[in-house]
Amino acid sequence: MGAAIRSELTKLTSTRMWWVLALAMFGYLAFIGAVMAFSLTVAAGDSTAAVAPVEGEAAATTVYGLVNAVGYAFPLLAGSLLVTGEFRHRTIAQTLLVEPRRTVVLLAKLVVSVPLGLVYGLAGTVGIVATAAPVLAWQGDGAHLGSGDVWRVLGLTVVATVLWTVIGTGFGAVLTQQVAAIVVILVFTQFVEPIARVALGAIDGLGRVAVFLPGAAADGLIGSSFFGQLGDGELLPRWAAALVMLAYAAGFALVGRLTTLRRDLG
Amino acid sequence: MTSTTSTSTTSTPSAPAIEVEALTKVYGGLPAVDGLSFTVRPGAVTGFLGPNGAGKTTTIRMLLGLAEPTAGRALIGGRTYREHRRPATVVGSSLEPGFHPGRSGMDHLRSFAAPCGVGAARCRELVALVGLEGAEHRRVGGYSMGMRQRLGLATALLGDPPVIVLDEPANGLDPQGIVWLRHLLRQFAAEGRTVLVSSHALREVQHTVDDVVIVARGRLVHASSLASLADLAAVATYVSSPDGAALGRLVAHQAWRVAPHESGLLVHDVAAAQVGDAAFAAGVPLHRLEPRDVDLEEVFLRLTSPTSAPSATAPHPAAVR
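Chain order of the listed sequences is A and B.
When you read off a place in the first sequence, starting at 1, and then add 25, the result is the number in the numbering used here.
When you read off a place in the second sequence, starting at 1, and then add 6, the result is the number in the numbering used here.
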């Protein structure tokens, strides 16, 4: 198992994808952080709209929590690439030649996705804090970087990002076609889930279903939701949310093991 | 390139043999490999030959545990590939090699080193062995086909395996590369390793292999030493005479089967000595009397042609003189 993990780590770090994607995530969330911090402070101050303004520490946690709400496509993609890259470049045969125990190969990839997710979690949170904190401190009620609650949100955001990466790896094992996996992840995270959360939340009785969607579970884990601020306040308790995310990861990995990794490969 | 590949396992007195037993693989109702049985002995290079689509790669994939046989089994040293604890230290193999274009050759080797139980030193050693020095830190995306083949071979050798299985290793190699590969494979056999090399062209491996296993349409059509394969080749003698008419009469008298060839005749199924004796006896002057080279490719094509009936050991009728 140790050898398989070392093998996966070398594969991961010997191409540029992991840090290019991390850099993109940093840049994207720095941009989002600036835009959202402005819209919650400068723009909100100008508006006479009836929407209750988000203020104080809630403004800080709402903006910082966006790493999860808008950034989770990055760790999902990065995780899926750990598996789909092997199929795209046909290195999967060599991988299975040196380690024919396919469960070990999959587990090694899941293990490696944890430190990889940590990198994305840090890239995202550092990115958003780097731009949002100065704006909130300047125009809003402060950056609240001294607050334990804010640090808990930041820490849990990193944890959620790690879980997203593990889920992505499991998903890659289910859908090994790289382009298809990327398209499905982007469509799901950018369209399907946001719409489903709002739609299900609007229907009586189905709001309880929406909280089990992966993005909603991640919000539950962090305890702060951008969607929550839009009126859909219902979230799973933290422990249940973490379990739901782990269940997604385990479920995908299991399906991948029983389908993809059962086939003739290479 | 001067050093040998290995230091550790070559002292093994006898490398494991490969035993393929009634191996069958059915895809969508059609057998790609159909009851195939053969063995590959240590200390020799065995050519695994057949036209494209004969089932060579499918057989190798089953041998290496990448594909599950529909029936039968393929064993290495009495065990299936996946039953070996560290199979890459027993069997070194290179299928059509896949590489991440953005990864350097050295990093490709390092990526697979740990499960083979080796480190960076072995990777550097192999880079030298396959002649990729100076290119090992460049990305594989910029490698030529021949360089990729060399890198694939280096990957196969990571675990210093006593059994080596290579699928079409000569593809993409330039003539110097093919000579280099030949020497390397001969050296492996001399070290006592078991070497199986597939090819769709006998000519490519004719000077490399000791034994041949020939398949067509998923079935075994011939397995023997290369020398025994040569026995199946049709004999022919090229002969020319300044007295064409006299030669013509001799041919008619002997009822030889001939074809015009260059300035003389090609006499089929008759050895040069026999032609010479008959001409001498008949007083026909000969200027040229040459045994034609044994054309193994012709035997190979005949054995694998769609009309040829599969026969594992029976000599071809043409060889019966």
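These are computed hints drawn from the structure, not numbers from a lab.
Be careful, since some hints might not be right.
[Stated by the list, open to error] Which stretches of chain A does chain B cover? Using the computed rule of at least three CB atoms under 8 Å from a CB of chain B, they are:
#1 27–39
#2 113–126
#3 169–177
[Unchecked claim] Using C-beta positions, here's what the derived DEER-type ranges look like:
#4 B:GLY34 to A:ALA275: 52 to 58 Å
#5 A:LEU231 to B:ARG85: 52 to 58 Å
#6 A:VAL60 to B:LEU36: 55 to 61 Å
#7 A:LEU211 to B:GLU27: 45 to 51 Å
#8 B:GLU139 to A:PRO140: 31 to 37 Å
#9 B:TYR33 to A:GLY276: 58 to 64 Å
#10 B:GLN182 to A:ALA275: 23 to 29 Å
#11 A:THR38 to B:GLU303: 46 to 52 Å
All C-beta atoms in this analysis are idealised placements derived from N, C-alpha and C, irrespective of residue type, glycine included.
Status of the hints after comparison with the structure:
1. Given a C-beta distance limit of less than 8 Å, the hint that chain B covers the segment 27–39 of chain A holds, as 8 residues qualify and 3 suffice.
2. Counting residues of the segment 113–126 of chain A whose CB lies closer than 8 Å to any CB of chain B gives 13, so the stated coverage by that chain holds, three being the minimum.
3. Under the rule that three or more residues need a Cβ within less than 8 Å of chain B, the assignment of the segment 169–177 of chain A is violated, with 0 such residues.
4. GLY34 of chain B and ALA275 of chain A have their C-beta atoms about 33 Å apart, which leaves the hinted 52 to 58 Å range violated.
5. Taken as a hint, the range 52 to 58 Å holds for the pair LEU231 of chain A and ARG85 of chain B, whose Cβ atoms sit roughly 55 Å apart.
6. Between VAL60 of chain A and LEU36 of chain B the C-beta distance comes to about 59 Å, which sits within the given range of 55 to 61 Å.
7. Under the hint 45 to 51 Å, the C-beta atoms of LEU211 of chain A and GLU27 of chain B, about 49 Å apart, fit the expected range.
8. The hint said 31 to 37 Å for the Cβ distance between GLU139 of chain B and PRO140 of chain A, and at roughly 33 Å that hint holds.
9. Under the hint 58 to 64 Å, the C-beta atoms of TYR33 of chain B and GLY276 of chain A, about 30 Å apart, miss the expected range.
10. The hinted range of 23 to 29 Å is not satisfied by GLN182 of chain B and ALA275 of chain A, whose Cβ atoms lie roughly 53 Å apart.
11. Against the hinted window of 46 to 52 Å, the Cβ-Cβ separation of THR38 of chain A and GLU303 of chain B comes to about 48 Å, which satisfies the hint.
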